[in-house]
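*Asks:* Each chain is listed here by its residues.
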Amino acid sequence: MGWFAKYFPNAVTMKSDFIQATGETLYMTAITAIIAGILGMAIGIGLIVTQPGGILENRIVYNILDKFVNLFRSIPFVILLAIIAPVTRIIVGTAIGTTAAIVPLVIGSAPFYARQIQNALAEVDHGVIEAAESVGSGPIAIIFRVYLKEGLADIIRSSVLTLISLIDLTAMAGAIGGGGLGNLAVNIGYNRFQTDVIFLAMLIILVIVFIIQLVGDWLARRVDHTA
Amino acid sequence: MTNEAIIQLKDIDVTFHNKGQTVEAVKKVSLTVNRGDIYGVVGYSGAGKSTLVRVINRLQKPTAGSVDVNGQDILALNSHDLREARTKIGMIFQHFNLMNSRTIADNVDYPLKGGKLSRTERKEKVAHLLDLVGLTEKATDYPAQLSGGQKQRVAIARALANDPEILISDEATSALDPKTTSAILELLKRLNKELGLTVVLITHEMEAVKEICNKVAVMEDGEIIERGDLVTIFSQPKQPLTKDFINTATQINQALEKIYRQASTLGLDDHHQLVQLQYVGATTDAPLITELYKRYEVVSNILYGNVEILQDTPLGNLIVVMTGEPDKLKAAWQYCQDAGITITHLKPKKPGVA
Numbered sequence: 001m002g003w004f005a006k007y008f009p010n011a012v013t014m015k016s017d018f019i020q021a022t023g024e025t026l027y028m029t030a031i032t033a034i035i036a037g038i039l040g041m042a043i044g045i046g047l048i049v050t051q052p053g054g055i056l057e058n059r060i061v062y063n064i065l066d067k068f069v070n071l072f073r074s075i076p077f078v079i080l081l082a083i084i085a086p087v088t089r090i091i092v093g094t095a096i097g098t099t100a101a102i103v104p105l106v107i108g109s110a111p112f113y114a115r116q117i118q119n120a121l122a123e124v125d126h127g128v129i130e131a132a133e134s135v136g137s138g139p140i141a142i143i144f145r146v147y148l149k150e151g152l153a154d155i156i157r158s159s160v161l162t163l164i165s166l167i168d169l170t171a172m173a174g175a176i177g178g179g180g181l182g183n184l185a186v187n188i189g190y191n192r193f194q195t196d197v198i199f200l201a202m203l204i205i206l207v208i209v210f211i212i213q214l215v216g217d218w219l220a221r222r223v224d225h226t227a
Numbered sequence: 228m229t230n231e232a233i234i235q236l237k238d239i240d241v242t243f244h245n246k247g248q249t250v251e252a253v254k255k256v257s258l259t260v261n262r263g264d265i266y267g268v269v270g271y272s273g274a275g276k277s278t279l280v281r282v283i284n285r286l287q288k289p290t291a292g293s294v295d296v297n298g299q300d301i302l303a304l305n306s307h308d309l310r311e312a313r314t315k316i317g318m319i320f321q322h323f324n325l326m327n328s329r330t331i332a333d334n335v336d337y338p339l340k341g342g343k344l345s346r347t348e349r350k351e352k353v354a355h356l357l358d359l360v361g362l363t364e365k366a367t368d369y370p371a372q373l374s375g376g377q378k379q380r381v382a383i384a385r386a387l388a389n390d391p392e393i394l395i396s397d398e399a400t401s402a403l404d405p406k407t408t409s410a411i412l413e414l415l416k417r418l419n420k421e422l423g424l425t426v427v428l429i430t431h432e433m434e435a436v437k438e439i440c441n442k443v444a445v446m447e448d449g450e451i452i453e454r455g456d457l458v459t460i461f462s463q464p465k466q467p468l469t470k471d472f473i474n475t476a477t478q479i480n481q482a483l484e485k486i487y488r489q490a491s492t493l494g495l496d497d498h499h500q501l502v503q504l505q506y507v508g509a510t511t512d513a514p515l516i517t518e519l520y521k522r523y524e525v526v527s528n529i530l531y532g533n534v535e536i537l538q539d540t541p542l543g544n545l546i547v548v549m550t551g552e553p554d555k556l557k558a559a560w561q562y563c564q565d566a567g568i569t570i571t572h573l574k575p576k577k578p579g580v581a
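So the protein sequences, as listed, match chains A and B.
By my numbering, the letter at position 131 of the first sequence is numbered 131, and the numbering carries on one by one without gaps.
Every number in my numbering is 227 more than the matching position in the second sequence, counting from 1.
No lab work stands behind these hints: they were computed from the structure.
Treat the hints with caution; some may be incorrect.
As the list claims (entries may be wrong) - Subject to a maximum C-alpha distance of 30 angstroms in a straight line, what follows is the list of computed DSSO-like cross-link-like pairs (lysine-lysine):
(1) K149(A) - K557(B)
(2) K465(B) - K557(B)
(3) K365(B) - K149(A)
(4) K465(B) - K315(B)
(5) K149(A) - K350(B)
Keep in mind it's a predicted model, so treat the numbers as computed, not measured.
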C-alpha cells in the first residue's frame, strides 16, 4: 500500500471517514431510489394512461400530474433543499442530516423518474395495447401485463439514468449536513486543499456509477427481445 | 352459412373531432353478417372500413347507431361485460401487434391469463392453438425471430384463445407477400369451415376477397356503396369503384391498357369490333366461339381470357375482336345475350375503365 500513501497522503489517514461517507451516499441513494421509484413509477403510469388517447383518458388528472412534474423539475436542487426544509421537519422531525436529505432527494428525483417512465411506456406500440383490449384486457391487466412487461427494457435503462443522476444529487446533500462522498470531497478535500481526497471521493463515485451502469445494461439486454 | 345474423350494425355514424375539424369517417352504415359468413369489406384507405369494424367490439365507440353482436347490445354493456364480450370477438391486425417481450407460447397464452383455466389447462390450450396454426415448434421463440406470415399465425392463435365465434381481420394480409397472403387466407377459410368461425375481412385487395369471401361490401367515403354475395358482385358490379376493384383483381384493367396502347394495330372498323364477353356458371362450358362462327360466320380473335372460380362458380372474361358483316355481328351479339353472356363494347379511343 506504499503507493497509495504516496499518492493519497491525506486520504490514507481518513479510512473511516471514507467508509462512512460511502455508506451515507449508498444509504441516501438506496432509500430515495425505493421511495422515488415507487412514486415516479406511479406518476409515470398515471401520465401514460390518462394522456389524450390513453386507456383511462382523463384530461384533468393528466394536466395536474403534468404540471406537477414540470413544476418540481424546474426548481434547482440546491434551492429545493432549502425551500423544502419545513416539510422535511414535519416528516422526519429534523431538517438536518442524512435521513433529512432523503425528503428533498425524493422530491427532486421522483418527477424526473416519472418523466422517464412516461417516455419509456410511450414507446410501447399502441397496436399492442389495442390487441390487448381486443382480447378483453382491462386497464389493470394492460398496465401490468402489457405496459410494464413490454416497456421493461426501457424502464431499466431509464432507472439506470435516474439512479446515476440521483447519486449526482446526493453530492449536494452535504449542504444540509446530509454527508456522503460529495460532502467529503467539498468540505474536506476542496476547503482544505487536499486534492487527493477529492480525487478518491470521485473515484469511489465513479466505481458506483460504473457498477450501476453495467448491471443495468446487462439486465436490459436480458429482457429485450426486440431484435 | 345460415341466415342467422350474428353481427348487426344499424345506422352507424362515427364522427371525429380533431383541432376544430370534423371528419365523418362512417356515415349511416348498416351491415348484417350471418353466422358462418366470411364477409369482405373492401375499400381504399381512408374509406372508413377499419373504423366501421372497430365498432363491432367497441374499440371505436360510434357517434350514433346500434350494434348487436350475438344478441347482445354491445353499446349498452358496462366495462366488465364489454371485456367479457370482447373475448368472443377475436381480432387480427395488419402489423400483427404481438408482444415482443413474450415468447410465442406466452403471446398466445396472454388472453387466457386471469381467466378460469388452470395452468395445465392453459398449457394444453396454447399447444392446441399453436398446432392449429402450424407453429408448434416455434413455441419458445420470440416474435422478432419469426417471419411476417408466422407472426400473423401467432396473432390468429392469440385471437382464437378464448374460442370466439367471430374473427375480425383488419388488413391482416396487407403487409404480407402474395404467397404468404394466400396461405393466411387459406388458414382463415379452414378455421371458418372447421370451427364455424364467422370472419369479417377488411382489405383493400379484391384478390383476398375473391379467394375466401362469400359476401362483399364495398366502402367509399364512409359509406357502403354496394354489397351482395360474391358471385353477384363479381358478375354484375354496379358502382364504378366496384368495377375498378374487380377489374384490378381479375387483371382485366391491365390487359385493356395493353390492348388500348396498340389499338391501331387491331384495325377496328364496322367489320372489326372489340368486345368483352362475360359469363357466369354453366354457360362457361358452351363452345361459344365455334358456335358464333358456325351460325354467323363471325370470327373471334381472343386477346385476353380469364376464368375465376368464385364459391365454386366459374366466372369467365374474354376480350375478343369479332370480325364479320355488321348485321351478322349484331345477330351474334344477340345470340350471346340470349345465352346469358354479358357483352360490353369497348372503344379504344377512350382508354380507361371497361
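*Asks:* The structure should be examined with respect to each hint, and the outcome stated for every one.
*Replies:* Hints, one by one, checked against the model:
no. : hint              : in the structure
1   : K149(A) - K557(B) : violated (72 angstroms)
2   : K465(B) - K557(B) : holds (25 angstroms)
3   : K365(B) - K149(A) : holds (21 angstroms)
4   : K465(B) - K315(B) : violated (35 angstroms)
5   : K149(A) - K350(B) : holds (20 angstroms)
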